[in-house]
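> These protein sequence lines map, in sequence, to chains A and B. Under my numbering, the letters of the first sequence match residues 350 to 462, in that order. Under my numbering, the letters of the second sequence match residues 27 to 137, in that order.
Everything hinted at is true.
Here chain A is said to cover these stretches of chain B; the calculated rule only asks that three of the stretch's residues, wherever they fall, bring their Cβ under 8 Å from a Cβ of chain A: (1) 66–78; (2) 124–130.
Pairs of lysine-lysine residues, derived as DSSO-like cross-links and limited to a Cα-Cα distance of at most 30 Å, are as follows: (3) B:K103 / B:K124; (4) B:K86 / B:K103; (5) B:K94 / B:K82; (6) B:K124 / B:K86; (7) A:K358 / B:K124; (8) B:K86 / A:K358.
Label-pair distances were calculated between CB atoms; the ranges are: (9) B:A79 / A:T460: 37 to 47 Å; (10) B:Y65 / A:D387: 15 to 25 Å; (11) B:V37 / A:S429: 34 to 44 Å; (12) A:G402 / B:K124: 15 to 25 Å; (13) A:G365 / B:N48: 41 to 51 Å; (14) A:P455 / B:E41: 22 to 32 Å; (15) B:T31 / A:V437: 15 to 25 Å; (16) A:G444 / B:S109: 27 to 37 Å; (17) B:S109 / A:G402: 37 to 47 Å; (18) A:G402 / B:S40: 47 to 57 Å; (19) A:P455 / B:E42: 28 to 38 Å.
Treat the hints as calculated values from the structure; they're not laboratory data. In this text, all values refer to a predicted model and were calculated from it rather than measured experimentally. Even for Gly, the Cβ is constructed at its ideal location relative to N, Cα and C.
Here are the chains, one letter per residue:
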Amino acid sequence: NAGVTQTPKFQVLKTGQSMTLQCAQDMNHEYMSWYRQDPGMGLRLIHYSVGAGITDQGEVPNGYNVSRSTTEDFPLRLLSAAPSQTSVYFCASRGTGDVNEQFFGPGTRLTVL
Amino acid sequence: GDSVTQMEGPVTLSEEAFLTINCTYTATGYPSLFWYVQYPGEGLQLLLKATKADDKGSNKGFEATYRKETTSFHLEKGSVQVSDSAVYFCASNFGNEKLTFGTGTRLTIIP
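Please build the complete structure, drawing on both the sequences and the hints.
Right under this line is the structure:
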């Protein structure tokens, strides 16, 4: 199993550009989440999904869209990037069998100029 | 709302020293508690967890005990190694998608 994979690893955008951060998992997990990590602030939940076709907002959803058309994939879209979205983004997943443990991807470091 | 407060870093220790990283939580109810570790350039990995009061989580020589009376979940290790250098995050969760994280503590172990 590859676990949770994320692409790209690094990305630089200009203000106003759009892009999609990709996340995939091969563990057949129902639950998937996106977090952002900023210095001195820990990780904050952006959006999450409890299954294909179902998404919901987390703590800091503004400026981001998500969709969940398959169990495996959970892309995060930035429609019009802003410097405040410079951060490291982590995707996570967990199965229904273990309500506690989340598995994290390696992260995408995004810089918005 | 729920929150997690952990010891600010960075923390620098010599190899074989004793480690404590403090973590306290505030929550309405009794969440599950976790320590995650992030090695350089990698994502977070679950280090240990405890799901109810007085539970002790342990892994790789690290331990933490869920203390309801002090709302704490301090991370300890008796003898640290250079390979333990990483960022450690305390987190709480009520069994839903929202993990509430502390700000992280960067630990550096020098030989």
